[in-house]
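Protein chains in written order, with our numbering: chain A, 1 to 388; chain B, 1001 to 1363; chain C, 2001 to 2330.
Hint data in this document are derived by calculation from the structure and do not stem from the laboratory.
Wrong hints could be hidden among the right ones.
[Unchecked claim] Partner residues are not named here, just some residues of chain A that face chain B (Cβ under 7 Å, in silico):
| id | residue |
| --- | --- |
| 1 | His-106 |
| 2 | Pro-133 |
| 3 | Pro-241 |
Glycine is no exception: its CB is placed at the ideal position from the N, C-alpha and C atoms.
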Amino acid sequence: MPEIAMVQAINLALARGMAEDERVIVLGEDVGVDGGVFRATDGLFARFGADRVRDTPLAEAGIGGISVGLAAAGFKPVAEIQFSGFIFPLIDQLNNHASRFRTRTHGHLTCPLIIRTPCGGGIHAPEHHSESPEAMFTNIPGLRVIIPSSPRRAYGLLLAAMRGADPVVFMEPTKLYRGAREEMTDDGKDLPVDRCFVLREGTDVTLVAWGAMVPEALKTAAEWEAKGVSAEVIDVATLKPLDAETIVNSVRKTGRCVIVHEAPLTGGFGGEIAARVAQDAFGALLAPIERIAGYDTVMPLPSSRTSICPTRRASAAPSRAPWPTHEHIQPARSRRGFAGGRDRRLACRRRRSCRRRRAAARGRDRQGGGRGALAALGIHQASPGKAA
Amino acid sequence: MQNVVAHFDINSTRYLDAAGKLTQPLPVGMDKAALTALYRALVRTRTFDAKAVALQRTGRLGTYASSIGQEAVSVGAASAMRADDILVPSFREHGGQLWRGATPTELFLYWGGDERGNYFAKAPHDFPNCVPVGSHAPHAAGVALALKLRKEARAVVCIFGDGATSKGDVYEAMNFAGTWQLPVVFVISNNQWAISVPLKLQTATQALAQKAISAGIVGEQVDGNDVVAVHAVVDAALARARKGEGPSVIEAVTYRLGDHTTADDASRYRKDADVTPHWQEEPIRRLSQYLAGAGFWTKTDEDALLKQVNAEIDAAADAYLATPAPDPSVMFDYTYAQLPADLLAQKQSVLASSPTSMRQAAE
Amino acid sequence: MPSPRSGYIKHLLAKPHERVKVGGPIVEFDDAPHVDTGTVVGDLGIQAPPAAAPPAPAKPRPSPSAAPKAAGAKVSASPAVRALARERGVDLAQLTGSGPNGTITRADVERAGGEKPAGGAVPLAGIRRSMAINMAKAHAEIVPATVWDEADIGSWWSGQGDITVRLIRAVAAGCVAEPVLNSWYDGEAMTLETFKRIDLGIAVDFVGGLIVPVVRDAGGRAPAALRAEVDRLKTAARARTLPAAELRNPTITLSNFGMLAGLQAALVVVPPQVAIVGAGRISQRAIPRAHGLAFTHVLPLSLTFDHRVATGGEAGRFLKAMIDDLEKNA
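Looking at chain A on its own, in the form it has when it is part of the complex:
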């Protein structure tokens, strides 16, 4: 079986969706002749023609509105918004129209559109190209919000979205476009959009993640396995409507829940999941629900400076502090550092506080810094490790 990258899987799904249903049309900036700036729509223009693969004027709100009209008039538009930083003008069309056409007309008009957009950081992009706005969309009734984390899931979920009848915001982690690879074939099989995927079973803690954080969670689970901690990893995939049942059942089994997302912490979708888990698995909890998320700041710009808070152990001290894989979340923020002199001073302060945290970790956790967070969850490991 060939190994393909996630962006290729998306391309295959689009081609298949368009081939099997002539109502599916693709539109967006640069999606036609250029095949999309990330090549997600590569080859579709040549295969399906200018009518079905449209290069649009530069007008995101208009693209959204056009898609609403097309969808209500019987087509299935798949509109690409070039970067998640540019999706915000569509919130009007999504919230005020796409998501509510069906309900306000009792099904006489529907809006089966898909808005595809790359999201998230980690590709050394300039400003506004690394957003993670999924939480805003999850608060809109009537919308589906889907974020794949692997080629197979991107393929299957996008097919399901195209075959479905609801408006969908399909957010593709930019970092995984080429960063996620797996063996798969263009078999036309879609995946359910009403449940989470349990990617790894475990008994000690439930790791909940989506998008680019899923591979991180799996990596971390593997590392913890070697230290005797068994983690269950859940890829939420469809954030809305949320399959809370899978997550709740997992936490009832493990008693511990850690939610990881790249978007800023406050108002992030992790809060919704934490609330549902607290509500339905309260009695099973052995430790407070933890969220590991981006800071409540704008994602900093990339720079050539190396990581400020480099090591996992350094960053895993108090229970509220970033957790072993925060290294991967943070420098979606801080590995890129800051630009400019003033920011260099900020960087130095950061470094000092890192050293303090490391020292604190050493004192507080005899078994080694990397275990601080686990200890906070009440997970005590058998073998003592190296000190931080």
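Given chain A, work out where chains B and C should sit, using these hints.
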């Protein structure tokens, strides 16, 4: 030395002046039958409008946006449409909706706060009202694109107000329409007021129609109080659109004789004395005068018409008032194509506590 | 009939059901300025001017460190742990949490054990406390090994009476045979001090605990003197009048535990000693003789020694010497 690289004119059309006198020969086909049909529609619209206001004032309808003085715009445009064309209105096109087959009861349901007023049995493809100003203009372009892709000889009419022309959405829609030569006619119902903001504070353009020029499409003006002119100009624009000759923007100049909505009090920002002269220009008066002058309409006709429309509207209002409110749980049923598990749980909690279910439980 | 305007009615100029001429007045409005709805959509409700609310008295903010950890202070435990504690009948307030910030963990509850009858924890004091400390220390240091055997005392055992003196004599015989068992061992310095003199600790049981007075030079006293000394020590021990000096520094210990019950025991060697001798319960035994079975009395002996220092052979020879001495008929 400067060269003129582009040069644009905005034409304006009128057939009947404010006093109801012809300024040029009537268009072909605008005979007595057509004119009286238009007149009936205008009167029916205003009767509906008055009833809606009365219902609101007596607490039996929600906030309502009266179209008084502007009836000719939507009636004129709708009368030029074919049945299988598609109307994408803002929220002041009651006359156009009624012409196209929406029933007064359906309209009362909408303004009374019932989703069953958002679709029309006899105009199933028309869009429901759009509250976020101008955001329906791109919808109209999208629908027009759908028609073009399917190679259907149908067109879309999108109506919005002067305030909407300041919105990016409206320009984006015109730009899409122009780039792709879409079969859509944008009708600007310029009633001179965006709530309290007069036109001169809305834009620097001499004519709103000139905004079409920036999108590279046809723009023209029409006397929005002259239903004959509105009909004729929209008719021509639709013919062009259906032939694949592209979109148009038609600015229909009229005046908002009433408040923005029943909750608004226009005397806060405009003097009654400034409004009064516009009553001399309103559409029903001028057409009535023409019809009377041409011998097409008598007092008997008028009395009969009033009696008929009043009866119809009263009956429609009664039907609306007698319509039982839907069960609250219905709000879940159309949120998605299929009800997801967590919404089902929410629906069940509503069902468990609804008066209907309590009654049923008690029975 | 719809009202032509919103406002307040000042006067009603007609009565309900009254016939009024068309165009005649029926209502007089209060010509106060138009009531401002305050909106262009919906209905914001009656706009009464808000009464000036009296300022609420400032609530005293509780000082963060105010609540002392008094009895009944909140314990920190997760819901699952609380549920487990309830199920097991464990009182969380009695536990010290081993989790972060003193949180009680599931393991803490499980360690607390199952159903606990009413009791109440009391701190150890005095002799019991000393015993706890010393035994723990012994356990941590000594490497114990035990050898058991029996002495046939049928030739002199009258069936009753105190055999302590004979035991002491036997122990002395053992020490002569294998002096290594009458030594002190310093495990850190790894030095062995073997004594000629036997200062024998005698375990004395009483209500309240165990006390071990020391018979100095147990090998050098005549039987009568031994008897007298043992009696004196026992009496004084039980009366708790024994000075501390009489409890110190035994070189080897004897425990005649068999006075009540118990045949053999692996007793605790208390460092720096390296051996402890135990005498169990005398019992009647049928033993084969040339002409058939004969009945006699046997005394079980236990010798526990520190194997860091003494060998099984040495222990065995010590015990043999004891047995030989005990089997003499006088």
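* Which numbered conditions among the earlier hints are violated in the structure presented, ordered from lowest to highest? -> The structure conflicts with hint 2 only, although it agrees with all the remaining ones.
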